[in-house]
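Heads up: the sequence lines are chains D and X, in that order.
Going by my numbering, the first sequence opens with residue 1, and the numbers climb by one from there.
Going by my numbering, the second sequence opens with residue 89, and the numbers climb by one from there.
Honestly, the hints are just simulated from the structure, not real lab data.
Just so we're clear, the structure is a prediction, and the values are computed from it rather than from any experiment.
Every residue gets a Cβ at the ideal spot worked out from N, C-alpha and C, and that includes glycine.
Do not take every clue at face value.
In silico EDC-like cross-links for lysine to aspartate or glutamate, where the CA-CA straight-line distance does not exceed 20 Å [stated by the list, open to error]: (1) K118(X) - E23(D); (2) K169(X) - D38(D); (3) K110(X) - D46(D); (4) K170(X) - D35(D); (5) K99(X) - D56(D); (6) K99(X) - D63(D); (7) K170(X) - E39(D); (8) K99(X) - D46(D).
With the Cβ distance kept under 7 Å, some of the chain D side facing chain X (calculated, not the full set) [unchecked claim]: (9) S44; (10) L52; (11) E64; (12) Y67.
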Amino acid sequence: MTTDTHQAITRIAEIIINELKLEDVTPETFDADLDLVDEIGIDSMDLATIALVLRDEYGIRIDEDDYPKLTTVRIIAEYITTKLAEKE
Amino acid sequence: MENAKDITEYKFSDIIASPSIKERFEKVRKYFFLRESTYDMSNRCNLRCEGCYYYAGETEKQFAEENLNPTDWQQLMEAEKKRGITFVVLAGAEPSYVPELCKTCYDTIPLGCIASNGLMPLAKEIDYRIHISVWGNDTTSLEIRKAKNMLVRQMENYQGDSRAIWVYTFTPVNIDQAREVTETLAANNHQITFNMFSAPTDYNGHLRHTPETLARTRAVMSGLLAEFPETVVFSPYNIVAHTHEQGLHSLFSCSYPRMNPSTAIGLGRSFRQYRTDLQWDRAAACCVPDTDCDDCRHYAAGSAVVTARMYRHATTPQHFSAWLDYVDTYLAVWVKGYDKGENLCKEMIEPPEQS
Chain D
1 MTTDTHQAIT RIAEIIINEL KLEDVTPETF DADLDLVDEI GIDSMDLATI ALVLRDEYGI
61 RIDEDDYPKL TTVRIIAEYI TTKLAEKE
Chain X
89 MENAKDITEY KFSDIIASPS IKERFEKVRK YFFLRESTYD MSNRCNLRCE GCYYYAGETE
149 KQFAEENLNP TDWQQLMEAE KKRGITFVVL AGAEPSYVPE LCKTCYDTIP LGCIASNGLM
209 PLAKEIDYRI HISVWGNDTT SLEIRKAKNM LVRQMENYQG DSRAIWVYTF TPVNIDQARE
269 VTETLAANNH QITFNMFSAP TDYNGHLRHT PETLARTRAV MSGLLAEFPE TVVFSPYNIV
329 AHTHEQGLHS LFSCSYPRMN PSTAIGLGRS FRQYRTDLQW DRAAACCVPD TDCDDCRHYA
389 AGSAVVTARM YRHATTPQHF SAWLDYVDTY LAVWVKGYDK GENLCKEMIE PPEQS
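Next up, chain X with everything else stripped away, as it sits in the complex (with noise of 0.2 Å):
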């Protein structure tokens, strides 16, 4: 056990002595001032995907009513800066559907990201990163997502545009399908990064991993990683933190409210995730409300989780190395403009134990 040990075996001074990690740290370190929260902006969506994170799960968000007033989501945006959020996250259901909320809350928090399907391109004007999110091929996209060439249209809606980014969910049912669509992003100059389905609570069906789906993702996403290393936005140890058998809260402790109720400091402090109606509920405050803590290995849960644990990281050069890499790629997916480095890290080390 680490916490068993006298202290550590190298001081911070000594790890951050490395040029290469001294800078890839001063880069990354410029970012600490990010503090996010999430928006559901409609409760509709053009599709109805199996296990969606917005239509699923035990509480009743998607009920909740939309407030489509302008200056309503102005004043809480205002309200939002000024108790120190800097990123903003708007997700749930399709956010596309109501693009001049999205402009209301990029003229006054310009830091953010949104989470869309990408059928409804969102004007440039609102110059956030955005994730599209893509669980398979075409043929699986029909299957599950019921939307006919997926791939094709998100691409001739982003085509060249550089906020966008692909997330690619991985199920058990469509591993193998990452290569294809790796190789067709490639081919049109974009960018995918990968996510794991993490069951809603609620969720009992077949997407839900097991053991041996988590060993053959690692695999395809490791794979994927060495051979299109411009296209995967990625790192060998977010590969170990996202397909481990054990999930995030079980190897980070997450920081999220609803599993956290410090309010003192970090995200059970300032994190909270609205909904449609403008009302947030501290006992459902995470990325992905109603995932299953345990099954949960979300890139967004990821995102603040890990990085958040720099502490227990810096204990060894390799294993700082690969904090480094993950909040690295992180605000690479993330923050639009930032230049993803090399990875630092290449192997594929254990997380650390607990402090």
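The following block holds chain D by itself, in its conformation from the complex (with noise of 0.2 Å):
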């Protein structure tokens, strides 16, 4: 796992954290191989909420189509890593 990958998982988590105020986790504790679905129980609209703040933080787009994709802290991070290298 890169260094940035790594540090795009504990933003992630932050914000996840934030945004559905969740208790008792942080974001080191966080697992990012999580189902954000079937064990956090987010929903279409919570993970539009996230991806707005992942946009104004990362500076990419997170097309709506890809949202069924993003199911865990990890494989947001990869992808975001990814729009960011291909924006490069």
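Take the two lone chains, each set in its own frame, and fit them into one complex as the hints suggest.
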């Protein structure tokens, strides 16, 4: 795992914790492989809100059609690092 | 094309920096937990309306047997609750034939709505929002629905009842009657919202809208919203979305299972449309299953299809305000006790391009 992806995982976890007001978990303890839908209970509107915050943070567009793929924090982090690499 | 731009002109944080937008976003966001499914309650109705969503169409839902066993319904509701459903829509054919089943649903999932023709009042202990259908003035109702004095009887049944909101379905033949109906409801302190006739799959009758009738409907809706802001629960963006020459699917990509193969998240994952025999079919799962998707401008469809597209509306403060107005309207129409705020976007703006 690259440093960029690791940093992204921590930051995305922080955003999810803040947006969903999750308790008893920190960005450091957040399991990056948890299924956000099945295990956290995220729905499409939550994901849209998180996608908007990520858009601000990283300056990338997250296609609505890609939402179904974004099932874990790790996958989101990889998605973002790929998008950033494509942008460069 | 918007997706050819370098991201967006506005950051989301800039958009919600506006106090009025932020306040409205926080207000509607509290309801992001709503996850709906719909249920045909009975295969009986005391009316036979031309172009009826229940009895028309290709599928044979009207021939599904009624399950009248409250225990089966209670078990269904428990199972629905367990899989995350928080809002039920009790519809077809006429739910007021089975009030005890409606109560069973209410006792398990307390947020919901009943679509009724309003001729048989539902007991107040079923504290769901009640959508009362109106398809024109009483002369037209007699012609199309074969029911006498319909509006008067509906109002008598639901006088002073905060559960009730009238849903006026615009067809090409009743556009100009919306004023008379709105005036009558306003005089009796009722609320009204607007629906568009959306043709069932095999329907080729005179109720199908044309570009000319869509334009006329838009003008009438706009006038009534301006003149009766306390009575008409709608927004300029609702008007745009539902009277656009392109249907809802073309404008916003419908996310109901019938048009959305993904089962990963959102409606594609959770939405079901149960028939009276408590079975459901993914291939037919949408809020109005036999609608011709190309012609769909149905209010219930928009309530999910437009609201789901938050991301693509968060491109400018104006678009996001329009989307917030739409969601605010949706909640006021569907959730009992939710009060609609003043519309933030007064102009009729075009929907954004897809992301």
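Hints versus structure:
no.: 1; hint: K118(X) - E23(D); verdict: holds (18 Å)
no.: 2; hint: K169(X) - D38(D); verdict: holds (15 Å)
no.: 3; hint: K110(X) - D46(D); verdict: holds (16 Å)
no.: 4; hint: K170(X) - D35(D); verdict: holds (18 Å)
no.: 5; hint: K99(X) - D56(D); verdict: holds (6 Å)
no.: 6; hint: K99(X) - D63(D); verdict: holds (16 Å)
no.: 7; hint: K170(X) - E39(D); verdict: holds (14 Å)
no.: 8; hint: K99(X) - D46(D); verdict: holds (18 Å)
no.: 9; hint: S44; verdict: holds (3 Å)
no.: 10; hint: L52; verdict: holds (4 Å)
no.: 11; hint: E64; verdict: holds (5 Å)
no.: 12; hint: Y67; verdict: holds (6 Å)
Of the numbered hints listed earlier, not one is contradicted by the structure.
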